[in-house]
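The task is simple: from the sequences and hints, build the whole structure.
So in the numbering used here, spot 176 of the sequence shown is number 176, and the numbers just go up one at a time.
No lab work stands behind these hints, which were simulated from the structure alone.
For clarity, every value in this text was computed on a predicted model and none was experimentally measured.
Treat each hint with caution, since some may be false.
Said to hold, decoys possible - Pair ranges (Cβ atoms, derived):
(1) A57 <-> E90: 32 to 38 Å
(2) E88 <-> S142: 16 to 22 Å
(3) T60 <-> L175: 15 to 21 Å
Glycine residues also receive a C-beta, built at the ideal position from the N, C-alpha and C atoms.
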Amino acid sequence: MDDSHRLCSYHLHAGNCCSGHDARQRDQPGSCQDSQYTAGQTDLANTGLLFEGTSAAQLTAGIQALQSKGTKVMLSIGGASNADRPVEWESWNVKAATDFVQDFGLDGIDIDFEPREPGCKVSQDTGNMACNTDKKFENIISGYRAGLDTLGSGKLLSAALWSSGAWGQAPWTGLGIGSPQTGLSINMLKATGCALDFIHVMSYDAGPNFPYRDAYQAYRSFYPGEGPGKGCPCMLTFPPASHSTADVSGH
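Structure below.
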């Protein structure tokens, strides 16, 4: 995969959108949430993955069709949390996810950790950001890295990160004001960023005046891009519209 030019796309996991018969799946990676999958399972019903009407063989064929074109296909876990669809991360099933990756020949896992109230604030003493969810976020990343490593080398781990997640402390104290998620990613990246092969910044809901370059520079300061890939670049993706991204890693 050419590190200088990458394109990332999230494919919705609703209805028939992940069907092996759906031509759209052959053009973009799948995004399906972790749940009750068991190793070797051939019936995906009641797994929470929502591949409705799709057999394991059809899903595998769709994944292989993508990979034959050089596309990396990863399992996306998590997502936005709201009252109707809470994603609390009170527990997570690393083995179910890695079994799914192994059985279907996926290239890795993408983590999307979006707590509604992370409790982030800057210490008056140190000037550093701290969030109530820091340790949980770190454990999620390190846990999935360890799980993927049991499958052998070459499996990718990435994270979809909040648009203002690297702001809040100097020199970016004036950015992201008012968002509970400002600073959410800082301590995770400091503690476990080396476990990630690349990161994505979710800017598609950040408004038309989102300062992309400031976000890139802030994330770049906490994520050196020297994860398991031994010098993997800091891949920050800034989508101009939902589910489509433009890479500015070379800027």
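Taking the hints in turn, this is what the structure says about them:
1. A57 <-> E90: 32 to 38 Å: The hint (32 to 38 Å, Cβ to Cβ) holds, given that A57 and E90 are roughly 34 Å apart.
2. E88 <-> S142: 16 to 22 Å: Between E88 and S142, where Cβ atoms are some 19 Å apart, the hint holds.
3. T60 <-> L175: 15 to 21 Å: violated, 44 Å
Of the numbered hints listed earlier, the single one contradicted by the structure is hint 3.
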